[in-house]
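Peer 1: Sequence:
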Amino acid sequence: MSLKLGVIGTGAIGRDHIRRCSQTLLNSQVVAVTDINLDQAAKVVADLQLAAEVYPDGHALINSAEVEAILVTSWGPSHEEFVLAAIAAGKPVFCEKPLAVTAEGCRKIVEAEVAHGKRLVQVGFMRPYDEGYRALKAVIDSGRIGEPLMLHCAHRNPRVGENYKTDMAITDTLIHELDVLRWLLDDDYVSVQVVFPRKTSKALAHLRDPQIVLLETAKGTRIDVEVFVNCQYGYDIQCEVVGETGIAKLPEPSQVQLRSEAKLSNAILMDWKDRFIGAYDVELQAFIDSVRAGKVGGPSAWDGFAAAVAADACIEAQGSGQIVKVSLPERPRFYG
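Residue 250 in full-length UniProt numbering is what sits at position 250 of the sequence shown, and the numbering runs on without skipping anything.
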């Protein structure tokens, strides 16, 4: 039997997940949708030719007897409300990042899930499902390069719009590294510092770009992450792990090497959706499969909380220029 899904939020990512669950993945059926703009929700249903009902709001969808699991892909500030409602209804919920817009909101979700007594929440951090990151983690876990000592990382976008602010380099961009690097290293952050190199002339006046985020983990690994969101040349994700006896590097996306016009070249992707499209498929299929098996896995509410705590410290460090402590409470045994 297909898992009956309800989707809250039919913007770009919501529409794409609805398409994915309806046309690409196995054993799922979108039976309910809603959005703050109900006309838009109805249009998505019509465009994708779904046999789905448009509900008046997220709470009506969550409490519908027709809906077995929920995808929350709405505006970020609404995530906390809908995830808490899903937990109260006892229904599994996949929530796109952010889990909540504050660490306190994430903490409330963690507490509600622990009180419920069973994992219901998967957070939409897709990089642990990317083939390249999985291969990199396999090398680290095998011990082939010894213990990780340093990581050199970069998150580069061709350009960003006028609404992109300096703090969004943390909350919208670096947040993916804050999650995936914890997962790669099986470690937590203890301190962070943010420094600003010379500003690119390609950035708008209100934006400080690029930035370098310096992280220290509990085991002593040092990490530097370059965040450069107006690099012009492409969407480029880099991660190099320097170990005691070797170096492991995140593989480049598979591209055809071209010999033409007296040049040897490889294309560089320009769109983040192209870079991680496979990971989106894998993560949502994993959610569907785990719910049908009676459990929820993947990035947890605790992982969402840990990323939010680190992000708050990074934003504080942006303003102060100082080393800021990352104060993460002890992880509940509930999360293993």
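Hints were generated in silico from the structure; no laboratory data involved. Heads up, a few of these hints could be off.
In silico DSSO-like pairs for lysine-lysine, Cα to Cα no more than 30 Å straight-line [what the hints assert, rightly or not]: (1) K295 / K199; (2) K137 / K263; (3) K137 / K273; (4) K325 / K199; (5) K4 / K137; (6) K202 / K137; (7) K91 / K165; (8) K118 / K108.
Given the structure is predicted, the values throughout are model-derived calculations rather than measurements.
Peer 1: So, for every hint listed, does it hold in this structure?
Peer 2: We went through each hint and held it up to the structure:
no.: 1; hint: K295 / K199; in the structure: violated, 47 Å
no.: 2; hint: K137 / K263; in the structure: violated, 34 Å
no.: 3; hint: K137 / K273; in the structure: holds, 22 Å
no.: 4; hint: K325 / K199; in the structure: holds, 26 Å
no.: 5; hint: K4 / K137; in the structure: violated, 33 Å
no.: 6; hint: K202 / K137; in the structure: violated, 35 Å
no.: 7; hint: K91 / K165; in the structure: violated, 35 Å
no.: 8; hint: K118 / K108; in the structure: holds, 15 Å
Hint compliance for this structure: hints 1, 2, 5, 6 and 7 are broken, all remaining hints hold.
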